[in-house]
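K.L.:
Residue strings, one per chain:
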Amino acid sequence: MALEINDLCVNCWACEPLCPNKAIFAASPHFEIDPDKCTECLGDHAAPQCAEICPIEGAIVDELGDALNPPGSLTGIPLQLLAEAAGAQAGTAAKVSSS
Amino acid sequence: MELPVFNDSAASSGGCSSHSCGSTADQLNQIPDEILQKVFNHPCYSEDAHHHFARMHVAVAPACNIQCNYCNRKYDCANESRPGVVSELLTPDQAVKKTLVVASEIPQMSVLGIAGPGDPLANPERTFATFQMLSEFAPDIKLCVSTNGLMLPQSVDEIAKHNIDHVTITINCVDPDVGAQIYPWIFWENRRIKGREAAEILIAQQQKGLEACIAKGILVKVNSVMIPGVNDEHLKEVSRVVKSKGAFLHNVMPLIAEAEHGTYYGLTGQRSPTQDELQALQDACAGDMNMMRHCRQCRADAVGLLGEDRGSEFTLDKIAEYELDLEGAAARRAEVRDRIAAELEEKRQSKATQAPKLVAIEGLGAREALRPVKMAVATSGGGVINQHFGHAKEFLVYEASEGGVRFLGHRKTDLYCSGGDTCGDADTTLQQTVKTLEGCEVVLCSKIGYEPWGMLEEAGIAPNGEHAMEPIEDAVMAVYAEMAAAGKLASPAPAQAAA
Chain A
1 MALEINDLCV NCWACEPLCP NKAIFAASPH FEIDPDKCTE CLGDHAAPQC
51 AEICPIEGAI VDELGDALNP PGSLTGIPLQ LLAEAAGAQA GTAAKVSSS
Chain B
1 MELPVFNDSA ASSGGCSSHS CGSTADQLNQ IPDEILQKVF NHPCYSEDAH
51 HHFARMHVAV APACNIQCNY CNRKYDCANE SRPGVVSELL TPDQAVKKTL
101 VVASEIPQMS VLGIAGPGDP LANPERTFAT FQMLSEFAPD IKLCVSTNGL
151 MLPQSVDEIA KHNIDHVTIT INCVDPDVGA QIYPWIFWEN RRIKGREAAE
201 ILIAQQQKGL EACIAKGILV KVNSVMIPGV NDEHLKEVSR VVKSKGAFLH
251 NVMPLIAEAE HGTYYGLTGQ RSPTQDELQA LQDACAGDMN MMRHCRQCRA
301 DAVGLLGEDR GSEFTLDKIA EYELDLEGAA ARRAEVRDRI AAELEEKRQS
351 KATQAPKLVA IEGLGAREAL RPVKMAVATS GGGVINQHFG HAKEFLVYEA
401 SEGGVRFLGH RKTDLYCSGG DTCGDADTTL QQTVKTLEGC EVVLCSKIGY
451 EPWGMLEEAG IAPNGEHAME PIEDAVMAVY AEMAAAGKLA SPAPAQAAA
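Protein sequences appear in the order of chains A and B. Under the working numbering, the residues of the first sequence are numbered 1 to 99, in order. Under the working numbering, the residues of the second sequence are numbered 1 to 499, in order.
Hints listed in this document are in silico derivations from the structure and should not be mistaken for laboratory results. Careful, some of the hints might be misleading.
Below, simulated DSS-like cross-link-like pairs (lysine-lysine); rule was C-alpha separation at most 30 Å, straight line [as the list claims (entries may be wrong)]: (1) B:LYS393 <-> A:LYS22; (2) A:LYS37 <-> A:LYS22; (3) B:LYS216 <-> B:LYS161; (4) B:LYS412 <-> B:LYS236; (5) B:LYS97 <-> A:LYS37; (6) B:LYS194 <-> A:LYS22; (7) B:LYS236 <-> B:LYS216; (8) B:LYS97 <-> B:LYS74; (9) B:LYS318 <-> B:LYS347.
For the chain B half of the interface with chain A, some residues (derived, Cβ under 8 Å), not all of them [said to hold, decoys possible]: (10) CYS64; (11) ASN123; (12) ALA180; (13) PRO184; (14) ARG192; (15) GLY262; (16) SER446.
None of the values given here were measured: they were computed from a predicted structure. Note that CB positions come from ideal geometry on N, CA and C, so glycine has one too.
Given only the sequences and the hints, what does the whole structure look like? Please build it.
P.N.:
So, in structure tokens, the structure goes:
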């Protein structure tokens, strides 16, 4: 059993120092978890530390690909608004990154 | 003619400022002189110093341990940095080299801050490694750090060790019920904690950290984000509490919430305060403590004088190949510092020796009280009206009253926007500029074009280009006297048309 970081990761480093197994490492384009070292924090903590601090919904998933922090669970943003924002994002992405 | 200028920055009167002085429980009096002296030359704390000294921030602290509803963690911290912007993350080694290069190229460099892009104290190793190396290689550069406060109590000893004398804590509330509407979660003792409990822990840590800093003689500034309908009224209480504990400055900043930033507030339609609402709250809090009127909400990797960012000149490639002459650079900085200190001292002396006069107003012999008037000024520095209306990236807002002239703060015209095609067409930009001047009855500038003239008049703001190159306070008072003479000040301000 092991968790996985996907391409939603924003490389904020928050999870890396918390891992009791030192399974998390900086990589490109985003952080990764060594599946051989990850124990999902069993025996060390009540909940996986990377998923407890990760600020990005959906960035950490289990072996089934299910997000430990599903959309809306951290920000409290209603799903409908998130979906609308995702739709609008394509149009404004260039604007935001250039400002 | 030198008019009384009630500047809220600690530097304005060379000892203590108007609002916090004279009372029996004055907090500034409790700060040791040697620390107070440091504030005078800090570009972020002193309106006077910010024209002369430069500061920079280095983005070494990416992780954060809380979530704020005005922040989207895909970008930098929306409070200590800028929303919708991603800083280039530096290692402590890169950050130190960059600071030393900038301090060689810009001898006015006096302050290095770490403010993000996450929370510096959630990245203690990277943050303190940077401070440690800098104290060694450039001991003359002041260090400061900003934090959400969650890990502050645990970090105070380390902060004191590195001789960091300025700490900024972002405190948006002292009531967990208010906090629950601002912070969805915190990471605390290996758990993500949500809701009211999270706010309760965060608030307790912030207050504990504030007290611990004061006990160690570390200067504390408090930042608050004004969120209409959430904490706007409550911030008066925050101001009172943090002052009673010894914070020397309270900086109330407007919420920035745009849907395109993808934040909770942005997407749920939480509005930002208007300029007038912000100023009214700053005024209400100023009765309690020093307010910081000139904060430009600069970003986590900003470089240069306040209001400018030369960060793009110092790329990692350029920094890597730069050959440092530490001693030479330190000597140049010392020279510049001495020169600026002498200039500032001279300015203070001349202000102190000239008795304030209000000849024009007194000459009217008016018995009835005249209402105060807000005026916006376009200036590129130097204390004079010397900027074309259309070139102004910000306006300084002053309030003229029978008591004199008071600096209220800045209003940006290019807020979080780089101009050009990101701002829409010229008409919209102009309309936005006029809107930022809401509440002002006059705008003073060196020159102004035909089109903006008409738009300002339509909005009930009188453009005035007659005082070009004159000292700001003199001109503001002269215009106030003219308005008084014309009988415009006995009645309430005319309603302004929406821009």
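K.L.:
Now tell me, hint by hint, if it's right for this structure.
P.N.:
For each hint, the structure was consulted:
1. Distance hint between LYS393 (chain B) and LYS22 (chain A) is unfulfilled; the C-alpha atoms sit about 48 Å from each other, more than 30 Å.
2. Distance hint between LYS37 (chain A) and LYS22 (chain A) is fulfilled; the C-alpha atoms sit about 7 Å from each other, no more than 30 Å.
3. Under the criterion of a C-alpha separation no larger than 30 Å, the hint pairing LYS216 (chain B) with LYS161 (chain B) is consistent with the structure, at around 11 Å.
4. This hinted pair checks out: LYS412 (chain B) and LYS236 (chain B) have alpha carbons roughly 24 Å apart, not beyond 30 Å.
5. A C-alpha spacing of about 35 Å is found between LYS97 (chain B) and LYS37 (chain A), which places the hinted pair above 30 Å, so the restraint is violated.
6. A distance of roughly 26 Å separates the Cα atoms of LYS194 (chain B) and LYS22 (chain A); the hinted pair therefore holds under the 30 Å criterion.
7. Straight-line distance between C-alpha atoms of LYS236 (chain B) and LYS216 (chain B) comes to about 26 Å, which keeps the hinted pair within the 30 Å bound.
8. The straight-line distance between the Cα atoms of LYS97 (chain B) and LYS74 (chain B) is roughly 27 Å, inside the 30 Å bound, and the hint therefore holds.
9. Note on LYS318 (chain B) and LYS347 (chain B): the hinted pairing is violated, with a Cα-Cα distance of about 38 Å set against a maximum of 30 Å.
10. Look at CYS64 (chain B): its Cβ gets to within about 6 Å of chain A, closer than 8 Å, so that hint holds up.
11. Because the beta carbon of ASN123 (chain B) sits about 7 Å from the nearest beta carbon in chain A, less than 8 Å, this interface hint is met.
12. A cut of 8 Å between beta carbons decides the hint on ALA180 (chain B): the least distance to chain A is about 11 Å, and the hint is violated.
13. A distance limit of 8 Å between C-beta atoms decides the matter here; for PRO184 (chain B) the minimum to chain A is near 5 Å, and the interface restraint holds.
14. With 8 Å as the threshold, the beta carbon of ARG192 (chain B) comes within range of chain A, its nearest partner Cβ sitting at about 5 Å, so the hint holds.
15. For GLY262 (chain B), the shortest C-beta to C-beta distance to chain A is roughly 6 Å, which falls under 8 Å, so the interface hint holds.
16. Interface hint status for SER446 (chain B): violated, as the beta-carbon distance to the closest one in chain A is roughly 29 Å, over 8 Å.
In the structure shown, a violation is registered for the earlier hints numbered 1, 5, 9, 12 and 16, in ascending order.
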